[in-house]
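Engineer: Residue strings, one per chain:
Protein chains: 2
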Amino acid sequence: MPGTGRRPGNPGTKEAILVAAREAFAERGYDQSSVREIASAAGVDPALVHHYFGTKDRLFLAVLEAPVDPAEMLPQIVEGPVGELPERLVGTFLSIWDDPVSGGAAVALLRSAFQREPAARLLRDFLTTQLMPAALSRLDMGAAEVRLRFELVAGQLVGVAVMRYVLRLEPLASAPPPVVVAALAPTVRRYLFEPLN
Amino acid sequence: MPGTGRRPGNPGTKEAILVAAREAFAERGYDQSSVREIASAAGVDPALVHHYFGTKDRLFLAVLEAPVDPAEMLPQIVEGPVGELPERLVGTFLSIWDDPVSGGAAVALLRSAFQREPAARLLRDFLTTQLMPAALSRLDMGAAEVRLRFELVAGQLVGVAVMRYVLRLEPLASAPPPVVVAALAPTVRRYLFEPLN
Numbered sequence: 001m002p003g004t005g006r007r008p009g010n011p012g013t014k015e016a017i018l019v020a021a022r023e024a025f026a027e028r029g030y031d032q033s034s035v036r037e038i039a040s041a042a043g044v045d046p047a048l049v050h051h052y053f054g055t056k057d058r059l060f061l062a063v064l065e066a067p068v069d070p071a072e073m074l075p076q077i078v079e080g081p082v083g084e085l086p087e088r089l090v091g092t093f094l095s096i097w098d099d100p101v102s103g104g105a106a107v108a109l110l111r112s113a114f115q116r117e118p119a120a121r122l123l124r125d126f127l128t129t130q131l132m133p134a135a136l137s138r139l140d141m142g143a144a145e146v147r148l149r150f151e152l153v154a155g156q157l158v159g160v161a162v163m164r165y166v167l168r169l170e171p172l173a174s175a176p177p178p179v180v181v182a183a184l185a186p187t188v189r190r191y192l193f194e195p196l197n
Numbered sequence: 001m002p003g004t005g006r007r008p009g010n011p012g013t014k015e016a017i018l019v020a021a022r023e024a025f026a027e028r029g030y031d032q033s034s035v036r037e038i039a040s041a042a043g044v045d046p047a048l049v050h051h052y053f054g055t056k057d058r059l060f061l062a063v064l065e066a067p068v069d070p071a072e073m074l075p076q077i078v079e080g081p082v083g084e085l086p087e088r089l090v091g092t093f094l095s096i097w098d099d100p101v102s103g104g105a106a107v108a109l110l111r112s113a114f115q116r117e118p119a120a121r122l123l124r125d126f127l128t129t130q131l132m133p134a135a136l137s138r139l140d141m142g143a144a145e146v147r148l149r150f151e152l153v154a155g156q157l158v159g160v161a162v163m164r165y166v167l168r169l170e171p172l173a174s175a176p177p178p179v180v181v182a183a184l185a186p187t188v189r190r191y192l193f194e195p196l197n
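Chains as they are written, first to last, in the working numbering: chain A, 1 to 197; chain B, 1 to 197.
Here chain A stands alone, though its shape is the one from the complex (with noise of 0.2 angstroms):
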């Protein structure tokens, strides 16, 4: 609309703001990223930033083309009685690797993960600073145990959708998701709250 002061952008500056995000994301991390810096190597005011992708945390998001956004999945794991935070957990992780569409894309960012550094640094951003906080927040220890322990959870996950997803092993491949959850649900209990040693 003329007059209303907004730039519109032309058609490439979405594109342009992906490409100067990842650069950035991956060079310097999340933390070390600013959408100020990324709006002014690709060119465009801040403002559009925002209007195409909303928070920092979205433009990360939409980088990595992430299956899901944290925040609308991990309210239903943390909401609920503790007690039954791992099966939650875990039945949701099964949830989103079993969709055709969101585990599609969780495959794609595994693989991407794995092909170069660059990927692996926006993975291990993801992992720590999208993922960590919110869910390990009922945790009462100190902050290293709490990292080991997200660590610890996030490889059973991670080792389960390579053997179900990417390799395809069966009969782990097939297995309906209560028997996985049942048999990995102890695992993610004892990572999360139990001694460790």
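The reader is advised that the hints may include incorrect statements.
Unchecked claim - Chain A is nowhere near these chain B residues, computed Cβ spacing over 12 angstroms in every case:
(1) Asn10
(2) Arg22
(3) Asp31
(4) Ala39
(5) Gly80
(6) Arg88
(7) Ser95
(8) Arg116
Claimed, not checked - Derived, one-sided and incomplete: chain B residues facing chain A with beta-carbon distance under 7 angstroms:
(9) Lys14
(10) Glu117
(11) Ala120
(12) Arg124
(13) Arg147
(14) Leu148
(15) Val158
(16) Val160
(17) Met163
(18) Pro171
(19) Ala182
(20) Leu196
Note that these hints are calculated values from the structure, not bench results.
Each residue gets a CB set at the ideal place from its N, CA and C atoms; glycine is no exception.
Fit chain B to the known structure of chain A by using the hints.
Structural biologist: Frame of chain A, contents of chain B only:
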């Protein structure tokens, strides 16, 4: 030596065998590939394949550029008190991945399995034909259950390898091996020997 009757092969022979073997294992899998067919595809006598590589198992490991030979590694895991098998398994796994040479090869193998389906098939076959039978020779249960338990253990180990050696998330990446063994061994014990539901 002239007169022995053994065809010496030319400098490219070994490489030609590897190329033919890689194609055969990736296309038809380990079980459906024979040394005779691989030799034929490489245009050499089968005796030359045995001369260069020994058994079909060892040819397969050469194609994979496998970091270790399971035939040498598995006895030290399987032998000894069965109650401490999980500790020996996790400890041996970490010692392979912590070593710069074999660990580098292991990361390369995992990376290639993520990049394309033929390599994923090679890794699947490696797990199911080279590792599973020996590792689980002590489990007294049905074949499907043995496979599921093996895949759960493999998933746990691959997952912790992704966190520790590919993504290198701290503090897990620098945790002393005994800390990681203590964290993972009870999980492996449950996946191998205890009820899963």
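Engineer: Against each hint, give a clear statement of whether it holds in the structure.
Structural biologist: Hint check:
| no. | hint | verdict |
| --- | --- | --- |
| 1 | Asn10 | 35 angstroms, holds |
| 2 | Arg22 | 18 angstroms, holds |
| 3 | Asp31 | 15 angstroms, holds |
| 4 | Ala39 | 29 angstroms, holds |
| 5 | Gly80 | 21 angstroms, holds |
| 6 | Arg88 | 17 angstroms, holds |
| 7 | Ser95 | 18 angstroms, holds |
| 8 | Arg116 | 9 angstroms, violated |
| 9 | Lys14 | 29 angstroms, violated |
| 10 | Glu117 | 10 angstroms, violated |
| 11 | Ala120 | 6 angstroms, holds |
| 12 | Arg124 | 5 angstroms, holds |
| 13 | Arg147 | 6 angstroms, holds |
| 14 | Leu148 | 5 angstroms, holds |
| 15 | Val158 | 5 angstroms, holds |
| 16 | Val160 | 4 angstroms, holds |
| 17 | Met163 | 4 angstroms, holds |
| 18 | Pro171 | 5 angstroms, holds |
| 19 | Ala182 | 4 angstroms, holds |
| 20 | Leu196 | 5 angstroms, holds |
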